[in-house]
Each structure stands twice: as structure tokens, then as C-alpha cells.
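**Q** In case you want the letters, here they are:
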Amino acid sequence: MPGPAQFWLESLPALLRGALLTLQVSGLSIVLASLLGVAVAACRTAPVPLLRWAGAAYVEVFRNTPLLVQIFFVFFGLPRLGLRLSPFQSGLAALSLYTAAYNAEVFRAGLEAVPRGLREAAAALGLSPWQRFRHVILPLAVRISLPALGNNFVALVKNSSLVSTIGMVELTFVARDLEAWTFRSFEVYGAATLLYLGLVLALAWGLRGVEARTLAYLRPRAR
Amino acid sequence: MRWDVVAANATYLLEGLRGTVALGLLVMALGTVLGFGVGLARLGRGVLYACATGFVELFRDTPLIMQIFFIFFGLPALGIRLNPFVAAAAAMTFFAAANTAEIVRGAIQSIPRGQWEAARSLGLSPAQSLRWVILPQALRRMLPPMMGLFTTLLKDTSLAAIVNVFELTTAGRRVVERTLASFEIWLVVAALYFLVCYPLSVATQRLERRLVAETA
Amino acid sequence: MRRLLAALCGVLLVAGIAAAAGTLDAVRQRGVLVVGVKADFPPFGFVDERAQLQGFDIDLSREIARIILGSPDRVRLVTVTSANRIPMLQTAQIDAVVATMTITRARKQVVDFSVPYFCSGHLILVRRDNTTITRFTDLNGKRVATVQGSTGDRVVAALAPQAQRITFGQNSEALLALKDGRAEAFVQDDVLLLAFAKQDSTLKVVGWPPQMPGPYGIGVRKGDTDLLAAINVALARLRAQGVHGKLVAKWFGEVANQLLPANKCPLELTL
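Those sequence lines, one after another, are chains A, B and C.
Heads up, the first sequence stops at 363 in our numbering, and the numbers go up one at a time, no gaps.
Heads up, the second sequence stops at 217 in our numbering, and the numbers go up one at a time, no gaps.
Heads up, the third sequence stops at 300 in our numbering, and the numbers go up one at a time, no gaps.
A couple of the hints might just be wrong.
What the hints assert, rightly or not - To be clear about the criterion: a stretch of chain A counts as covered by chain C if any three or more of its residues have a C-beta under 8 Å from a C-beta of chain C, and this derived list gives those stretches: (1) 248-262; (2) 303-311.
Unchecked claim - Quick list of the computed label-pair ranges, beta carbon to beta carbon: (3) A:Arg259 <-> C:Ala80: 50 to 60 Å; (4) A:Pro255 <-> B:Arg61: 30 to 40 Å; (5) B:Arg3 <-> A:Gln146: 46 to 56 Å.
Bear in mind the hints are in silico, worked out from the structure with no lab data behind them.
C-beta: ideal position from N, C-alpha, C; glycine also.
Construct all of the structure, not just a fragment, from the sequences and the given hints.
**A** Given below as C-alpha cells:
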């Protein structure tokens, strides 16, 4: 048997390929979950009761059931309804739907934090309801939401490990596969854990940068 | 649709739900106790602070499933051999403790400095100030995020299925194995999780609103 | 709460003690053989409607307990998966693995195997209307369902390296993916696929003769020579008494004559 250092060196390319797919599915999910999250939050704060109710139902259903069960349902259950998604599509869909529910709550808090006066001012300027939402309220709400949103994105990267159960060959899958054929559990899971730690810390660092830049205007400035 | 499959396996699924709730309660209790210790250590300085910070970062920044794998499959290399239930419970306890620690620290640090100074000037020791002045106020602020964490933990017990611990998701998998009724079984399993998690969420939201109303 | 904690301590303690003592002595002393079996591999091991474990491996375990300990009820069955059966053995949760485990060169480095008790090759399960897949080389370029950690997964990698493998956690999941069209084939041990095809007329088995045959063996911890010897004696006696043949007939029925004869099996699968 090769020593740990040599073993790590040999399995690193496979693990890195897995990490790349983890990044891809997480990145795409971040975009989809943000768009969907804004839509759901808009529903939840809409003046139409039916929309508000639908938005609330969406959030409660996806936040109060395990992601793993949602993944199983999307991949193994939905074909009964004629919806056959590949492992990648299923994983992407489940992760996005789940995270969108959490993002929606963050956006909703952000929307509610936008001062009333600002909405009224925008209306007084003659902006249409859509223009008001798109150009005045949403940008501000997103900025207010940024820190909490960052937490959701970090959780998303960690949660992407669950799509390994439906055969998507991301980091966790590669680790399990290597373990199943080499029995070097300690080395394999140790390396995979460190890679996740690296991914998450890099993401957190990047998010702090974005936050600092977008929220700079809120800090007191020296004159 | 094959709802008869659900009826025929209802007892088995409910047994799984009992496993889920038992594992959830165990992890909540152990995680809260350990998390309080770690959270208080995070307020201090020196080696204790460094260890607590490392613990929190490690268990908050890596996927829970990796922690379960590492503890169950990896630790035997160091001579630590745990059965799947203990391994999953241990991983989830550490995960819960790391998150509890951050809640505890955040709540304590959110209490204005003036409170500390006032308590100290009354002649209370730092430990006494913490125990009699700061903690009673901080505990109220911890309650909503702690209950949120409990809901998360209850959902995350499903990950124990991946190392074959008997709980609701495992029960669902085994029934699907035999019947192939994946649509019906996974829908019912999701509904059962919802049934235990939703009341907890609602209670959390109510409590949050009440605390906000009281402080406003 | 306190009881749960106490139980937890107990479990830890028992696990520690079991690892320390000689396994056969420990088994005799406690009067129970703890065996890891599958719950997701019909007809070898599965959970029936009354939540009871059933199957060939379960019956075989009971027969071994009958010979070693005097009664078929002196066995405790613990469910394992392909992924965790070896760690479960190494961590002394179980005394032996009777869980469709093929004797391979790689596995021999971490566990000791009994004499073979079954011979299994690999076949391909496809939907009945499929005409493009008849041999293993036809799998190149196709989406093929396999189970993680199974020999079938390695066989596809070896015989059809251009196949796009979709790997699942258990057999039913791979079967579902095949049935609903997200995989075009499912490669696994012949006996399992034959049983699936017999139950479901929309499926058929191709790829004859079974490829890369390998023997199933009972696994024990490395160096557990006394337990291994007792198991080997029990297996020989079960063959001599005709019990083994009866179990094959009971669980594999008409599929049995499509299986590879034991004398055609190599001693191990080189993977």
C-alpha cells in the first residue's frame, strides 16, 4: 500500500474534478435560488392575498422537510408525473428550490426594511409599480439582505454534498467512490473535508469583499 | 397511484419517525450543553478561545455528511470505532454544538457593555455578572435562533440514513426498495417530516415576533 | 434522557469489549452470532411486509448459527450496505459479513474470507424494447446504472470504459432509473438481475454468458482464524447435508439453472 502522502497525491486529481462539479452546481444554484427567492419574496409581500398565501406555503413546505428527501422525491418520485431529470438537473433543481425558500425569507425581511417614505417618493416621481420595484426597492432590499444571503450561499455549498446520493459525481461522490475501492477512509474523507473547508472559506472571504464594497456607502466617511 | 403501499407500510414508517424524533431530541440536548461550553469559551482568550474557534469553524464550514463519514469511516484508522448510530449522533452533536456556540456568543455580545460595567461596579465577579446579569437577558435572545436550529437538526437527522441508521428516511428507502413506489413513499415521508417540523417553525416565528414586540 | 445516555455508554463499552476478545470465544460466551446482512438485495437479503429480514443470506446465517451454536435462532442480524459492511466488521459491530460480498483481491487485503458459498457473474438488465444493447461492449457511449461500491460498477469500467456510469446508493434506485428511461442499462450480479426480470415483464437480461464471475464469501476480521475455521466447517457440513442445495432451490427457483455452476468459479475476482 502506498503511504498517505503518495495516496493523497494520486487521488487529488479525482477529488479536484469532483470539487469543480461541486462549484458548478453550487454556482448555478446560487443564481437560480436568488432569482426564484426574489420572486417568492415579491409574492409574500404582494397586495394579493392568494399570492401571499402561495408564497408562504412554498416557504414553509421547502423549509420544513429535509433536503435529502426533496432530492429523492425530485429524482425518484417525479418520473411518475412524467418529469425525468438527469442527476445533474435533479440536483440543481432540488438545491435551487430549497435554497430559494431560505432566500425568500431573507429578501422579504429586506423588502420590509425599505423605508415607506422611499416607496412614496418613488411613486411621487411618477415611476410605475414595476419601475419602483426594480429600480428603487429591490436594489436597496438586496443590499440589506446581503449578509444573511451570504450565510445561505455557504449553506448551499455544504448542502450540495447531498446530491451525491443520486449519482452526481461531485466532491462527496468522488470521496465515497475512492473509499469504496481503496478502503483508505481516513485519508479520503480527511482530504475531502479539507477541500470543502477551503471552498467555504474562499466563498466566505469573497462574500465579505462584495459586502464591504456594496455597503461601503453606509459607513461613516472621513471628510 | 399506489396508496395501498403507504397503508401497508404505515407502521414501519411511523417506527422510522420515532427513530427520527429520538435521534433529534438526543442531539438537541447534547448539542445545547456542549455548545454553551464552547460558546462561553469563545468569549475568553488564549488557548481555550483558539480551540473553541477552531471547533466552530471546522464543524460549521464543512458538510454534515462529511463529518458523519469521517467519524464513522475515518476515525477507526485512529482506533476510535463507533457504531453507525453513535457516529451519526456524535457528528450531529458536534454540528449542533458549533452552531449553538455561535448563537450563545452572539446573544451575549449583543448585551450592551454598560450592563457588564454596571454589574462589575456593584462588586460582582465576572462569573457572577455573567450568571446573574448578562445570561438572563441573553437567554431570551437565544431562544428563537435556538429553536430554528432545532428545526434544522430535526431535518438533518435524515442524513443518518446514509450510514444506515434506522430513522424515517431509512425506513422510506427500505420500503421503496421492496415496492418501488418511490413517488408515494417519498411524498408521505416528506409529509411526516413536515408534520413534526412545521409546529416547531411556527412556534419559533411567534416567539420571535413577541420578543421583537417586547423590545420595540 | 438519562436512559438514552446510559444506553449510549453501554453500546460504546460493548463495542470495545467485543474488539478485544477472541471472536469465536466471545460468540460462544454470549451465545449469539452477530451477522451483517443486506436489506436491499433480494433474494439474498430484503425486508418483507412484516418488516422482517428474509433471503438466502439470512437463511444461511441461521444455518451457520445452528451448527456453531446449536440453534438457528442464536443469530442477531444487523443490516449493512455495500459501502459500510467492511467498516462495520472492522469496528466490531458484527462478527461476520454474509452480505453478497464477492471475494476480490482488494478486499482480501482488509478482511479474511471463508470458502465460496455462491458463484456470481455479471449481466446487463435492459428494457424489453431495447435492441441496441446485447453485449457488454455495446454499453460504450450509453448511460449505465450501477451501484456504488459494487463489483458491477467496476465491471462496466473495465469492459465498457466509454460508458457513462450513473451510480446509485442501492439496487432499487438503479432499477428505477432504468425503468423510467434515465439509464439504458443496469449492470449488477446475474442472480439479482434475473430475479428482477422474472418479476417485471418489461425488462430483460442480456450480455450472456455472465461476465467476470466471482465467488461470494463470508467475511471476518483479519486474523480471526478460529471463527473463520468454524464457519468453513459449517459451510462444508451444510453442503454435505444438502441444506445448501435446498436454500438455492428455495430462493432462486427456476433462475437457479441459469446461474454459473460453483466449479466454474475462479477463487477470487481480480479488481
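**Q** It remains to establish, for every hint, whether it holds in the given structure.
**A** Outcome of the hint check:
1. 248-262: Violated - the region 248-262 of chain A has 0 residues with a Cβ nearer than 8 Å to chain C, which falls short of three.
2. 303-311: holds (count 4)
3. A:Arg259 <-> C:Ala80: 50 to 60 Å: Hint holds: Cβ distance 59 Å, inside 50 to 60 Å.
4. A:Pro255 <-> B:Arg61: 30 to 40 Å: holds (34 Å)
5. B:Arg3 <-> A:Gln146: 46 to 56 Å: holds (52 Å)
The earlier numbered hint that this structure contradicts is number 1, and it is the only one.
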